[in-house]
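Quick note, the sequences are listed as chains A and B, same order. Using numbering that gives the first Met the number 0, the first residue of the first sequence is number 0, and each one after it goes up by one. Using numbering that gives the first Met the number 0, the first residue of the second sequence is number 0, and each one after it goes up by one.
Just so you know, the hints here were simulated from the structure itself, not pulled from any lab data. Be careful, since some hints might not be right.
Stated by the list, open to error - A few chain B residues that face chain A, going by a derived Cβ cut-off under 7 Å, partial list only:
| id | residue |
| --- | --- |
| 1 | 13 |
| 2 | 14 |
| 3 | 39 |
| 4 | 41 |
| 5 | 48 |
| 6 | 50 |
| 7 | 216 |
| 8 | 217 |
| 9 | 220 |
| 10 | 292 |
| 11 | 295 |
Glycine included, C-beta positions come from ideal geometry on N, C-alpha and C.
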Amino acid sequence: MRYASKAPVVMPEELAVRIEDLSIKYKINVDTKRTLKNAVMRASKGERVRTRVVEAVKHLTLDVPHGSVLGIVGANGAGKSTLMRSIAGILPPTEGRIIVNGKISTLLALGVGFNPALSGRDNIILGGLASGMTRDEIEAKTEEISDFAALPDGFIDMPVRTYSSGMYGRVAFSVAVNMTPDILLLDEALSAGDASFKEKSFNRMRELCKEARTIVIVSHALATINELCDSAIWMHKGTMLAKGKPDAIVDQYLKFLDVGALPSNFEDM
Amino acid sequence: MPGPVKNSDFVSKIQVFEPHKAALPPLVPYFKEFWKRRTFATELARFADKAEYLDSKFGKVWLVLNPLLLAMVYFLLVTVIRGSSSKNLGLTTLAHILIGLFTFYFAQNCISAGAQSITAGGRLILNQAFPRALLPFSSTISAFQQFLPTIPVYIFVIVVGKHFFPTTQVPGLTWNYLWVPFIVLMVGLTGFGLALLFATMNVYFRDTNKLLTYMTRIWLYLSPILWQPSMLHGWHKMAIYLNPLGPVLSATSDVWINGKSPSLTIILGSLFWAAFAILFGGYFFISRERDFAVRI
């Protein structure tokens, strides 16, 4: 896989993901106008482009075993999505390292990679090729994906711009879960479709777990975390505040949302 | 349904993500992944063309018609301003403008489509880990596919022109045409390198693409397309070598118009700019690739 290190790696066989003292920082441009014209105007006045360093994840250490479902909860800006991108290899760490044991499938931005002028089938092929699959492998999956997404007859060969938002989300989700991933990363992706599709999605994820595949879910739907996950972590401003059973983590998080209560050990962090 | 997966099944698929020791990620795995996913770049180019011309039956004809009509306009301007002493010279001028414009358009299409490829590929970049250079590379493939049909159009114009003006300077079939693949490769590499540079700039400054429109127009006038390289003398010839497309467009004139091999300095100039564009553009792009996921 890309960017893989050549250094010898010791990874316990039972683990799908090992995160060691992970920190992720990145620089963002805080200027309202991100234009060359603005940069030149600033330079002419002797000013620099205004940037800010964001510490999205701070010294996070975590093991995720094969066949488990990990939920991540936290307020906006907690670093959940950054962490997911880092596990997927999209955003390399600034410090620490991530070891991933298995093929990853992601759904981190809904409607991912979809070109609205192309058909659903063409978009699925492009997404699969980008993830490193061969054309034959993807074509063998397209019917399965179409069936799972419950697209009306013939819609798989229609331009994606003709899809309803529900169909759009269902196809994106269906692509992610049907690429036979060892590790599935889902960021706010469980809201696609109606109640029956949600039930089907949950069943599919349970099947994946029975096959010893691993799922990491970021969701603000706390009932989903409770229902699907067998462990959870709570992230706050880049730091992992707590980890444990989903119901306990969700309770702590709800308490924080209600009265702003942080765990007692937060002061030490 | 597939059977249960044993833990040992995962052993060969270990991936490690670590901080880059320098600005660049480890280059050997990067290029291995780039090569492994080359089909993605070719299919993306094919699908992008398909999407662009899906609603237009004659859309692709414009790819040839646009530079062809522009060549006619420039030809009229040049012959009116300069005045033509003979019809044979007129055909030579037309041939030079045509092949120059077609070649320049190849580079321009690489750069302009490549410059937008990262900002346009936003959702793909946010969701998938793959070498981002595949996106501008796909634009280069697309530009090459658009360039290919212009060659038969040029040949047709010249064959018809030579029929009416048999004493024209434009050469017939010669061995020097064997330089054409070299020229096309140099234009493609220079275009790809500059596409990498401008694609990165476009992530940071979203008006880069607007600026490119004006830049390429001025670049066109500064390039040996509306004028022949042989018109420059003395130190003015430096203008050819200071232009990233100058040497390769001179080589185009030598092969297609003058019927001779490009000089060694022209060949070296073309190689220099292609290598410089790839190395500089590649470094600029790959060293900032990590930022793309947070700046799009």
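Hint status (Cβ of residue 216 of chain B to nearest Cβ of chain A, threshold 7 Å):
17 Å, violated
Just to be careful: measuring from the Cβ of residue 295 of chain B to every Cβ in chain A, is the smallest value less than 7 Å?
With a minimum Cβ separation of about 10 Å from chain A (threshold 7 Å), the hint on residue 295 of chain B is violated.
Quick check on the hint: residue 41 of chain B CB to chain A CB, less than 7 Å?
At about 9 Å, which exceeds the 7 Å cut-off, the nearest Cβ of chain A leaves the hint on residue 41 of chain B violated.
Next item in the hint list is residue 13 of chain B. Is there a CB on chain A closer than 7 Å to its CB?
Check passed: Cβ of residue 13 of chain B comes within 5 Å of chain A, closer than 7 Å.
Residue 292 of chain B as chain A interface residue, shortest Cβ-Cβ below 7 Å:
Holds - the Cβ of residue 292 of chain B comes within 7 Å of chain A, reaching about 5 Å at its closest.
Interface hint status, residue 48 of chain B versus chain A (Cβ within 7 Å):
11 Å, violated
When the nearest CB of chain A is found for residue 217 of chain B, is that gap smaller than 7 Å?
Violated, because the Cβ-Cβ distance from residue 217 of chain B to chain A comes to roughly 16 Å (cut-off 7 Å).
Quick one, is the residue 14 of chain B hint okay against chain A at 7 Å, beta carbons?
Holds, about 4 Å.
Residue 39 of chain B was flagged as interface toward chain A. Is the shortest Cβ-Cβ separation under 7 Å?
Where the cut-off is 7 Å and the nearest Cβ of chain A is about 4 Å from residue 39 of chain B, the hint holds.
Let me know if the C-beta of residue 220 of chain B comes in closer than 7 Å to any C-beta of chain A, holds or violated.
Constraint on residue 220 of chain B not satisfied, violated at 22 Å.
Evaluation of the interface hint that places residue 50 of chain B against chain A, nearest CB under 7 Å:
At about 4 Å, which falls below the 7 Å cut-off, the nearest Cβ of chain A leaves the hint on residue 50 of chain B intact, so it holds.
Consistency with the previously given hints fails for numbers 4, 5, 7, 8, 9 and 11, ordered from lowest to highest.
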